[in-house]
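Per the working numbering, residue 172 is the first one in the sequence shown, and the count goes up by one each step.
Keep in mind that the hints were calculated from the coordinates and are not lab data.
The reader is advised that the hints may include incorrect statements.
List time: in silico EDC-like cross-link candidates among lysine to aspartate or glutamate, alpha-carbon distance up to 16 Å [as the list claims (entries may be wrong)]: (1) Lys386 x Glu500; (2) Lys549 x Glu799; (3) Lys916 x Asp524; (4) Lys645 x Glu799; (5) Lys513 x Glu500; (6) Lys316 x Glu500.
Taking CB as the label site, the calculated pair distances span [claimed, not checked]: (7) Glu799 x Lys549: 31 to 39 Å; (8) Glu799 x Glu387: 16 to 24 Å; (9) Lys945 x Phe995: 24 to 32 Å.
Each residue gets a CB set at the ideal place from its N, CA and C atoms; glycine is no exception.
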Amino acid sequence: MKNKILYLFLLITSSISAQHTIQGKIVDEFNNPLPFVNVILQKTTHGTITNDDGKFFLKTKKYRGTLEISFIGFESQIIKVNKKTKYLNIVLKEESNQLEEVVVVTKPKKRLKKEENPAYKILKELWKRKRKLGLKLVNNFEYKKHSAIEIGLNNLDTVFLKGIFKKNYKNDIKQIKYDSDGINYYIPIYLQEVITKVYGNNEKDLIREDIKAEKEEGLGTQGFVFDRMSNTFQNIDIFKNNIRLLQKSFVSPLSSNGFATYDYVLYDSISNNNQKLYNIYFFPRRNGDLAFQGNVWIADKSYSVKRIKMAVHKSINLNFVRGLSFDKEFEIKNDSIYLPLKNVYNGDFTLIDKNESNKGLTIKKTVSFSNYSLDNPKPLDFYKKKIDKIRPNQFQRDEEFWKKSAKIVDNDTYALINTVKSKKRIKTITGVINTFTNGYINTGLNFQIGPLWTLFANNQVEGFRTKLSFRSFKTKDDRFRLAGHVAYGFRDKKVKYGIEGKYLLSYKPRISFGLAYQDDIEQLGSNLLNTTQLIGNTFGTTALFNRGDNFFLSKVQKFGTNFDYQIKLNFHIGFNFSHSKIRSASEEKFSMSYLDQNYNFQPETIDVASDIYLSYTPGRFVYGLGVERRFGRNIFPTLILNYRKGYKGPFNGTHDYDKIQFKYNHPILLGEIGLLDATFEAGKTFGTVPIGILSPVPANQSFSLIKDTFSLLNYYDFVTDTYAATHLEHHFNGFIFNRIPLLKKLKLRSLITFRAAYGSISKDNRAINLSNIKYNTPNDLYYEYGVGIENIGYGNLRFLRIDAIWRSNYTPPTGAIVLPTPKFAIRIGIKPGL
């Protein structure tokens, strides 16, 4: 045992001694500390920048080498270092082309008034012009865009790498790059490049983007982490007052209201290629605010941006995010037109917490712009014709093409990905991340088991319920998808099942067709509108813990089809046809009976109906080419209009009716005070129909929070044929708690909610009701309101939300079999998010 301890001690001390640390301080000729100076060890990826005091700290495994010290406006220095080098005092001299007048401003301890800040005059001129600058100044434009997205694992030590490469470790380690700390390693696992030609016509506001080439290498990735985080870096428009990022609103450092959020420091002014540039640093006024830290170079005549470098401050209340940085460069033409040159976005994400020692996921997006041509008009029809990507690898080009193209990714990266992607341990890691975030287990046989969240449930009809679900899955762009499930209740001892197939008939226009059959139990009192879901999957039968009695379940045998046509991106028209046999799943406890037109008792409804719907989601980010597309975590409105026609006679249908339903959801970013998620829905049924076709106000008898439902209602407390409802949730995103010192450290976020429903029911529909549910309607307006705390957890794992909810009074009808719920309750929600 002593020998083992001694061995461990020697191992630790030897690894520590193997790390060479170089420290130092960099000042100008007047002994002023220089922050943000680049310090790089040449021929390595080791590097750092100085802090506000001009100090730097660099770790490396190399004992000797050459340090390169560089900073805009100053002469670079080259310094030889060896293992004896411990601390360096470095003085940088101004470049010979430096302006005679150099303004040096340190960040004041006491904040200056806006008008007293030297940066204000420059920013004021920028604000006047920022809407007039850029490509909008010309009538027509075209350029080439070359983008690359790279995903990799970071902060990997040698023990981890030896487990991956095993016998080939010594050879393969030579290909692997050091991480940013210069100690551990980084392995890329996925890389995609796309070259696009962009054409624009400002007079008609038309944009055409033609993909010229694409290239992809690496492991297939899907799930919350890969899908959502990979699409974090959409277009970051620094010229807007607020930047949408991670479903939050960050104040832009170039905002005309920026002085309310930032401290600005005019550091210096320099001349570069006969052009005067102002260098302004910006810092969040308060730690925790949704703001950036960095600096911006602004040209003096045009007051246009030459370059901006900014990063998300570490104190910001964001889950999974260890670091985000953005570097944007512009070319200035004719002192008035700024043209994008290059964007480099970097993200560092971790799973458990943000500790610097933890392994993480790196996502890097690089975009270069070139070959600009301005005011070279083309026929109007040219801009309207678009070459869309409709199938995987449609624009794949050979290696000869890529050799001739400008490089934004080195060939070594592709070679390393090709080596790594076959390693079992890497496959296991990506597989675990996928399973953890999307709920599916990959069997390796072109089908997956899941989602795992619906594996177990409990209700008073089936008792303990287990459900095994599956889907076919070869790639994320599968044209055909087969999904199904088998369920078993240990109380009713019955097997239930469902199966659904979907096929993409055409890529352009996008036309899909679906076919499904199910024989299962559903909770029809939990949702009002469903357009494309052919198999019922309501939470009323999937919750493990419920309150009160839940005998109000329906046995549904349903055959359904769906035909969906994409009119244009995010605008769909669809057609459904369904044949459903609906009856109570527990007839001794819950009756769904009614009188037919001959006044006969009928326990079963046969609903034969067709639907036509319109779905409009402007601004939604859509990606994927298969029959099941995925959506980015951006903010967009949703509008759904559905008309349903019921048929009596054909296929033994029992009722003629018409139903019109409307739903509108709009998340609204309200700057730094958070996000308001607003939903409004309404509907009306024309005709005389039983309870299985009517519109119950959606209740929720589980202890968890479910979107667009009422947590203090029982199922079928309110049954309507005409209804209107609204659901309002405002998420403050830390706006309140970030300003309370003790609560700020807990990274909690507050929210408020309000929900209301109004409805009525006709005398004819009351007259045919033989159910033991006595119809009651919210004709006096029923509402619930609450306050909540979200982002509860540890480290990055902050999935919990707790709401305190109150409700209005309502009077149950005479003979009601379920008493009203309490007027107050606590509910818990689980939602992963950033």
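Hints, verified against the model:
1. Proposed proximity of Lys386 and Glu500 is contradicted: the alpha carbons are some 25 Å apart, above 16 Å.
2. The suggested pairing of Lys549 with Glu799 is violated, with an alpha-carbon distance near 36 Å, which exceeds 16 Å.
3. Distance hint between Lys916 and Asp524 is fulfilled; the C-alpha atoms sit about 14 Å from each other, no more than 16 Å.
4. Between the alpha carbons of Lys645 and Glu799 the distance comes to roughly 12 Å, so the proposed pair stays at or under 16 Å and holds.
5. Simply put, Lys513 and Glu500 have alpha-carbon atoms about 5 Å apart, close enough for the 16 Å limit, and the pair holds.
6. For the hint linking Lys316 to Glu500, the alpha-carbon distance of about 14 Å falls within 16 Å, and the restraint holds.
7. Checked against the given bound of 31 to 39 Å, the beta carbons of Glu799 and Lys549, roughly 37 Å apart, stay inside it.
8. Remark: the range hint 16 to 24 Å for Glu799 to Glu387 is upheld by a beta-carbon distance near 19 Å.
9. Checked against the hint of 24 to 32 Å, the C-beta distance between Lys945 and Phe995 comes to roughly 25 Å, which is consistent with it.
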